[in-house]
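Enquirer: Okay, here's what each chain looks like letter by letter:
There are 2 protein chains.
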Amino acid sequence: MKFKVTDLDISTGGTLVAVLNHKDATMLDLHTGDRLHITRGRKSAVAVLDIAESSKAVKPGRIGLMEEVIRKVGAKNSCVVNVNLDKKPKSIALIRKKLEGKTLSDDDLFTIIEDIVKNKLTSVEITYFVAAGFTRGFNLVETVSLTKAMINTGDVLKVGGYPIVDKHCIGGVAGNRTTMVVVPILIAAGYCVPKTSSRSITSPAGTSDTMEVLCDVELDVKSIKKVVDKVGGCMVWGGAVNLAPADDKIITVEHPLSVDAEGQLLASILAKKGSVSATHILVDIPVGRGAKVSSMMKARRLKGLFIKVGKKLGMKIRVIITDGSEPIGNGIGPSLEARDVLWVLSNDSNAPKDLRRKSLMMAAEIMRAYPLSDWKSKHGYRYAKSILDSGKAMEVMQSIIKKQGARITSVDKIKLGKISFDVKSAGKGKIVRIDNKSISRIAKVAGAPFDKGAGIYLHHHVGDQVDKGDTIFTIYAENKQKMSYAKEFMKQYDGIVIR
Amino acid sequence: MKFKVTDLDISTGGTLVAVLNHKDATMLDLHTGDRLHITRGRKSAVAVLDIAESSKAVKPGRIGLMEEVIRKVGAKNSCVVNVNLDKKPKSIALIRKKLEGKTLSDDDLFTIIEDIVKNKLTSVEITYFVAAGFTRGFNLVETVSLTKAMINTGDVLKVGGYPIVDKHCIGGVAGNRTTMVVVPILIAAGYCVPKTSSRSITSPAGTSDTMEVLCDVELDVKSIKKVVDKVGGCMVWGGAVNLAPADDKIITVEHPLSVDAEGQLLASILAKKGSVSATHILVDIPVGRGAKVSSMMKARRLKGLFIKVGKKLGMKIRVIITDGSEPIGNGIGPSLEARDVLWVLSNDSNAPKDLRRKSLMMAAEIMRAYPLSDWKSKHGYRYAKSILDSGKAMEVMQSIIKKQGARITSVDKIKLGKISFDVKSAGKGKIVRIDNKSISRIAKVAGAPFDKGAGIYLHHHVGDQVDKGDTIFTIYAENKQKMSYAKEFMKQYDGIVIR
Chain A
-18 MKFKVTDLDI
-8 STGGTLVAVL
2 NHKDATMLDL
12 HTGDRLHITR
22 GRKSAVAVLD
32 IAESSKAVKP
42 GRIGLMEEVI
52 RKVGAKNSCV
62 VNVNLDKKPK
72 SIALIRKKLE
82 GKTLSDDDLF
92 TIIEDIVKNK
102 LTSVEITYFV
112 AAGFTRGFNL
122 VETVSLTKAM
132 INTGDVLKVG
142 GYPIVDKHCI
152 GGVAGNRTTM
162 VVVPILIAAG
172 YCVPKTSSRS
182 ITSPAGTSDT
192 MEVLCDVELD
202 VKSIKKVVDK
212 VGGCMVWGGA
222 VNLAPADDKI
232 ITVEHPLSVD
242 AEGQLLASIL
252 AKKGSVSATH
262 ILVDIPVGRG
272 AKVSSMMKAR
282 RLKGLFIKVG
292 KKLGMKIRVI
302 ITDGSEPIGN
312 GIGPSLEARD
322 VLWVLSNDSN
332 APKDLRRKSL
342 MMAAEIMRAY
352 PLSDWKSKHG
362 YRYAKSILDS
372 GKAMEVMQSI
382 IKKQGARITS
392 VDKIKLGKIS
402 FDVKSAGKGK
412 IVRIDNKSIS
422 RIAKVAGAPF
432 DKGAGIYLHH
442 HVGDQVDKGD
452 TIFTIYAENK
462 QKMSYAKEFM
472 KQYDGIVIR
Chain B
-18 MKFKVTDLDI
-8 STGGTLVAVL
2 NHKDATMLDL
12 HTGDRLHITR
22 GRKSAVAVLD
32 IAESSKAVKP
42 GRIGLMEEVI
52 RKVGAKNSCV
62 VNVNLDKKPK
72 SIALIRKKLE
82 GKTLSDDDLF
92 TIIEDIVKNK
102 LTSVEITYFV
112 AAGFTRGFNL
122 VETVSLTKAM
132 INTGDVLKVG
142 GYPIVDKHCI
152 GGVAGNRTTM
162 VVVPILIAAG
172 YCVPKTSSRS
182 ITSPAGTSDT
192 MEVLCDVELD
202 VKSIKKVVDK
212 VGGCMVWGGA
222 VNLAPADDKI
232 ITVEHPLSVD
242 AEGQLLASIL
252 AKKGSVSATH
262 ILVDIPVGRG
272 AKVSSMMKAR
282 RLKGLFIKVG
292 KKLGMKIRVI
302 ITDGSEPIGN
312 GIGPSLEARD
322 VLWVLSNDSN
332 APKDLRRKSL
342 MMAAEIMRAY
352 PLSDWKSKHG
362 YRYAKSILDS
372 GKAMEVMQSI
382 IKKQGARITS
392 VDKIKLGKIS
402 FDVKSAGKGK
412 IVRIDNKSIS
422 RIAKVAGAPF
432 DKGAGIYLHH
442 HVGDQVDKGD
452 TIFTIYAENK
462 QKMSYAKEFM
472 KQYDGIVIR
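Those protein sequence lines, which keep their order, are chains A and B. Per the working numbering, residue -18 is the first one in the first sequence, and the count goes up by one each step. Per the working numbering, residue -18 is the first one in the second sequence, and the count goes up by one each step.
Don't take every hint at face value.
Chain copies aren't distinguished; within one or between two, either way the pair holds.
To be verified - Under the rule of at most 30 Å between Cα atoms (straight-line distance), these lysine-lysine pairs were calculated in the DSSO-like manner:
1) Lys99 with Lys71
2) Lys230 with Lys40
3) Lys399 with Lys292
4) Lys472 with Lys399
5) Lys461 with Lys(-15)
6) Lys4 with Lys139
7) Lys(-17) with Lys399
Derived by calculation from the structure, the hints in this document are not laboratory data. As the structure is a computational prediction, the values presented were derived from the model and not from experiment.
Please model the complete structure; the sequences and the hints are all you need to start from.
Expert: What follows is the structure, encoded as C-alpha cells:
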C-alpha cells in the first residue's frame, strides 16, 4: 500500500515509530504496536505503528514518520513510500509465554534481550517483560541465561592477565568512592583490574564522574585495552563502550514502579562484569536506612543468589555485607570525592579514615578470597596496608591518570565550587544520624555531578560531639542561584539529627 | 523552580506530558514518570515528566510542554512557569501491590480506575496494572469491585421501566446483527431495552455503524432518556456518552500482547451493562474457528464466571453458547447489514434465514429466562415469532428510527457501494467453510465501515452446492481503487473453501 510521508519532526531516540490515521488503520486492520515495513527505493525500515485519532497530526492517505525513520528510508515530506505489514518480533510471543508463567529457554531470553538492544520493542512491550520477570520470577537457570544474553548482545572486552578482578557495590551510600582506592591497591599487588563504572544515576557522583575530575573516562575499547596492557588495569566509564547495553533500556521501564526482580538485578550486575571478562568478583552490599538494600534478610538472600549464579557462570564471587547507614568519606560531589581519594592514596592527614578503612578492608577481602600467593592470602589486610602506606597504590593511580589523558595529578589542583556556605549546629549535642538521601539531594541541588566542584564536605560524622555554632558541613556551588536552591532544599530536609 | 516554556507542538490525546533536559532532571533528582506541578498565575496542571537526552528537543533551563499542558496552564512559548515536584498518584503504589500478588480492595480498584479515566497514569503504568491482573488474576470479589469501579467512574443512565434488559455478544462473527432484530422484538413484548453498542473495533461494522445507516446514533444522555421513555428502548453508540470510559484506555495496552485477563474481560462487559442500569442480561458466546472464543472449555468457564459475578452485582445473567464458526446473515458492512435487518423485520423473502432464526432464538431465550407472564415464558419462541410475523417488531424499529432522527426508513432507500464485483466459483462442489476473519478483512479493505455502502454480500452459505461460474459473493466498494485493494487481498486469502 502506498502512503505520502508527513515528516513529524520528532525524534524518539529509541524505537522507530510511524503514525497512520485511524481510518487507514481500520481499513487495513492495523493496530497500535503493529510493525510496518516501510520502503522507498532500496532503503527500508521496520517501524512500530501508532494511530492518530484526529486528522490534525496525520491525514488519511498519509504516514507520519519520526526522524529516525525518515533518515533510514531516505524520505522527505510528501514523498511516497510503500508500506506493508511486517511480522511482530518473535520476542513478543516469548514475553507472553513468560507472562503465562512458563519458563524461558536460553534461546528465548537471548531473542528478547537482542530485540530490546536493537530497539525493536516498545516501552509497553518491555514493561510486560519486566512485569513477567517480577511476578513469575526467574529461576537460577533463567537468571544465568539472562546474564549471558545481556553479555552477548554487546561488546566483550578481552584483556590479558589473570585473575581478572572486579568489584561491585549495590549502591545508595553517599561518597563511598572505595573503587578508586581499591583498584590501585589491587593492581599494585599484581591483579588485573579492567574497571568500568557508571556515571551518577540517582547520586551526586558516580565513580566515573569523580574519576573524570582527574582524567578522561570516555575511552573506546581499543584505548581501554592499551591502558590495561600497560598499567594492569583502568578506571573508565562503561557507558562510552557498548558493554551489556540492554540494562539501560530495561531500567527506564523499571523506574516508574520501582520494580526490580532479583533475577533481573543479578543479571544486570553480573552482565557488566562478564562483559569485561572478569573472573573473580567482590560484591559489596551496604545495608541500612537510605541504602538500596534496607534489610539484612534481603542482603543475605541476595548474597546466596550471587554465589549460586556466579558459580554457573564460571565466576568466583565473594559477597560482603557492610554498614550502609551513613555516608563514607567526607566529600560528596565529583571534585570533593576525588580530593578524598587522593588524600587517602597519598596518606595525607586530611584523608577520611572511614574511606581508608573500608577500602583496605575490601582490598584485603579480595586478596584473601583470591590469593596470588600463600603469604598474601593470610595477611590480606596487612599486605593491602603496606601497599597503600608505601605509596605504591598512589604510583599506580598516577600511571592510570597519565595513560587516560591526565587532567589533574595533585590534590591542590582540584577546584571546588566558587561559593561555599557553612551549615552550623543550632545547638550542642551528639550527631546521631546523617541521612544518605537528604545529603545526596542537597549536593545535587547545589549542582553535582554536572558542576564538578559542587557538593558537600562533611566536617563531622555520626557519634561526634558538636557545640552550638560548630560547622557541621560546607556546601559548595558554582553560582549564587544554585546555592540558594540548595539552602531552600535544606529547610525541607532534616538530614542530620543532633540530640 | 522556574523554567522557560518550549512549546513542543505535539498532542498526546491522553496523559499530560512535560519534558526537561536530563541535566535539570538530574540536578532536581527527577526521573521519567515523576509528576510535575506546573503553575502559571492561577492556572496549573500536573504533567508526567519525560527526559530529553539531547539539548535539541529541550535545552537546560527550559521545560517542553505538550499542547494539552500549554492550554491548561495558559502558557506560550518562552513564557516562565513555576515547576514543583508533585506526589505520584496513589494508584501507582496500589498497582505495585497487585504486582506483588496482594489482593486489592474495593477502594484500591476504584482509585486505580479513576486515575486511568482521568488520564493520570502513563501507558507503562497501565501496562503494569494489566500485567498484574493477568499474572496474579482477579478473584471474584476483585472482579466485582473492578466492575463497580468502571461503572462509577463514568455516567450512569437511569431510565424508567423494569426489567431493564440488555444483551451482549463476545464477538468475532461477521454479520451477526441480531441486536437490531432482538431489541425491537423485546420492546414490543414490553421489556425496557436501553441498548448501547460499539462501533467497529476490528470488524467491518459494529451495531452502531449499521444502525447509523438508518438514523442518528450519537445521542447525549438526555436525548437517550427521551427516546427510551417514549419507545421503551433505543439503539445508540455507547462511545458518544461517558459510560464506563476506563475500558478504552485499558484496551490500548492490552492489544500489543493480546493480554486479556478473564476478570478484566468480565468487568469490561458487565460495566457497560451496569452503566445503563441493566438488571437482566443475555450473554452470547459464539464459539468456533475465527470467533473470539475458540474452545468450548473456555466458553463454559466464562459462562460460570459471568453468572457468579453477575449474582454479586445484583444482575440476572443468562449465558448461551452458540455456533460462531461462520458468518450470520448475508450482508457484511453497514448498509448491507442494515438491509438484512430490515428484510428480517419486514418478513421479506430476501431475509437471511440464519439471522432470523438466531434473533428469534435469542429473544425467546430472554423471554423464557425473564418472563413477563406465565404464558409468555412457556412459549418464548412462538411469542417472539408472533411479534416478528405480525409486524409489531418493525413498528417498534420505525419508532426508534424516527425518534433518533431518521435517515432511511425503507429497505429500497439503502444505497450500496457504487461499484460491485461478483466472485465466482472456480469449480463445482460443496461449500465446506466460510472463514469469518478472511471475509471481514476483504469487506474492510473494500472500505467498510467508513464507506457505509462497502462490504460483501454472500449468495451462498456453508453446505450449499455450487456449480462452476456461480456467484459466491459480491464485493461492494465506493471507488475503483478500493475495489482493486479488495481484489488484491482476496488473492492472499482462501476465506471460502469449496470441495
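Enquirer: So which of the earlier hints does this model not fit?
Expert: 3, 6
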